[in-house]
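> Given next are the chains, with one letter for each unit.
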Amino acid sequence: MPTLPSSLSPAGPAGSPFRASKSFLRRRALWGSFAGGCLLIAAASSVFVTLGIVYVLVTESMGFFAQISLLDFLTDTQWTPVFENAHFGVMTLVSATVTVAGIALAVSIPAGLALAIYLSEYARREVRETVKPCLELLEGVPTVVYGYFTLLFFTPLLQTFIPGLEGFNMLGPGMVMGIMILPYTASVSEDAMRAVPSGLREAGYALGYSRFRVAMRVVVPAAFSGITAAFILGMSRAVGETMVVAIAAGQNPNFSFNPTEGAATITAYIVQMAMGDLPHDSIAYQSVFAAGIVLFVITLTFNLIGFFLRRRFKEVY
Amino acid sequence: MLNAEMSQATLPNLTGIVDANRRTDLVMAGIGISVLIIAMSLLAAVVIDLIVGGWPRLMNPDFYLNFPSRHPLKAGIVSAWVGTILVMLVTAGIAIPLGVGAGVYLEEYAARNWITDFIEINVSNLAGVPSIIYGLLALGLFIHGFGLGETILTAGLVLALLILPVIIVSTREAIRGIPLDLREAAYGLGADKWQTVRLYVLPAARSGILTGTIVGLARAIGEAAPVITIGALTFIAFLPPSPLQASPPFINFEWLESPFTIMPIQMFNWVSRPQAEFHINAAATGVILMLMTLAMNGIAIWLRYHLRRQIR
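Line order of the protein sequences matches chains A and B. Residue 29 in this note's numbering sits at position 30 of the first sequence; the count goes up by one each step and never skips. Residue 333 in this note's numbering sits at position 53 of the second sequence; the count goes up by one each step and never skips.
Everything labelled a hint here was simulated from the structure, so no lab data went into it. Treat the hints with care, since some could be wrong.
[Unchecked claim] Label pairs and their in silico Cβ distance ranges:
(1) N393(B) <-> R311(A): 15 to 25 Å
(2) G310(B) <-> F307(A): 31 to 41 Å
(3) M339(B) <-> F64(A): 51 to 61 Å
(4) S349(B) <-> R311(A): 53 to 63 Å
(5) V46(A) <-> P539(B): 24 to 34 Å
[Stated by the list, open to error] Chain A stretches covered by chain B per the calculated footprint, using a threshold of three residues with CB under 8 Å from any CB of chain B:
(6) 26-35
(7) 126-140
(8) 240-250
(9) 291-305
Keep in mind that this is a model prediction, so the values were computed, not measured. All C-beta atoms in this analysis are idealised placements derived from N, C-alpha and C, irrespective of residue type, glycine included.
Please model the complete structure; the sequences and the hints are all you need to start from.
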């Protein structure tokens, strides 16, 4: 390390009345490295959280996979953990999870795309600045409140249109969830669209394109990876959402893709089991963690794909 | 195709194309606005449904001062809102130093290498881990591993970990917005790194960090899933010991080890009952819970837009 001339050193020029004492500098260096160490520990804590999650999921479900073969776990279509003749086919829970998340996406993709195009290509800046905070309020509503609303208001409302709809069903929660993740999907895709350089848009206008054509043929294709990331991350949220489905989709494991039926998702199953007081060593307790692993792997996959897609569109421009 | 259009385009034809384009644009804008209206009317429907549903209980002062009860008309939320406040104290006490510290480290100290890259990917992945998984972490590690029990401490801890990514990300954004000149000026005066961060960067980024923290805490207040898995009891007919006492040392920490319930769990409990009378209580609890989170979010949103205008 090159040494500074004494007049430039933090200690001040020799003989200057402002020259810091050696002990002050030593104390300061000590504090500095102590603080740096604390900050490093704080940053590392986030890694320990991830390690902790993986550790807990693996160790607590080890006993489960010692008794149930992975093949049965993935192919059986019944999930009856507390029955005499217990079945552990996780696809039962996955089917409901996929159905609900699929409905949520079916609502969220067209709505989110339309909203993002409107906000990024049509709306004036003042409109955008007012609309985005309002949308954020939608995101701030506690999910248990959405659960109440879905069970006691939205489902009865849907039942007047769809006669065969059960009191607990996957359609209502899926639709409400679609609107719930709308602020997120819309704002992430809007960010992607606004990152498209205005030169591309202007080239489109110079060719005589209308705003609509510029949006559909220039902006959306250019922002495609960012928009895809938005919906993949939205999907991950819908898969992991708990309270809405635990309240309004029922807690009965049911291998079904029929949205008018009720069925327990992975998250709803975890809630249901956690509410009963399960003995620590029971297979039912361990099955909660086995279901947790499946949920974690699904969301982790979506999150990583989304992360790299978003990073890519940031790099391109 | 465009060429064909151009060569054929006589004047009236051109205005026809322009008119058609204007129409499509109007339709597109209309679709965007109607999506917006649908989303906002859903929010309005939620709010109105809850207020109408919970009105009789909301207007009754006993509701705020009574403990839960088997009789729906006597049941109240005192243990729930006290529990929520105490759990939030723990959450804030853990999440703010950890999150701000991690954000400062990543933005000011970390070298650009694979370790930093790894921590970054890790933080953004943690932000996407479903909240119920944090509940499993608490159940497996804090309760069965560390033996912390089903206490306020455990709940506060798990909610703190849950909102950690929110605070880290917003701290980083706030710090990134501070111009380099400020740091250089501090170094020029002879400050070392930690002095620069503590005396100049953090105070300048204060309001941005505050916004992110409020958003994070507002999220934690409404979360039920991670706390349900640790088996938070819903029938709590007593209050935890008070954190303040009349005799020295005036503060005690027994409340950390007390069983508890919180607002969203109390609401979930009442929603899940078949009797409609309990649904009234659930709606009233929901109104109070929404007021708490919307107020916090409102403050954060106002802060953010107010600040942004100031910076411009």
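> All the hints need checking, so say for each whether the structure fits it.
Right, here's what the structure says about each hint:
1. N393(B) <-> R311(A): 15 to 25 Å: Holds, since N393(B) and R311(A) (Cβ atoms, about 21 Å apart) stay within the stated range.
2. G310(B) <-> F307(A): 31 to 41 Å: Given a distance of about 36 Å, which is inside 31 to 41 Å, the answer is holds.
3. M339(B) <-> F64(A): 51 to 61 Å: Holds, at about 54 Å.
4. S349(B) <-> R311(A): 53 to 63 Å: For S349(B) and R311(A) the Cβ distance comes to about 56 Å; the hint holds.
5. V46(A) <-> P539(B): 24 to 34 Å: 32 Å, holds
6. 26-35: holds (count 6)
7. 126-140: holds (count 10)
8. 240-250: holds (count 5)
9. 291-305: Answer holds; 9 residues pass the 8 Å Cβ test.
The earlier numbered hints are all upheld by this structure, with none contradicted.
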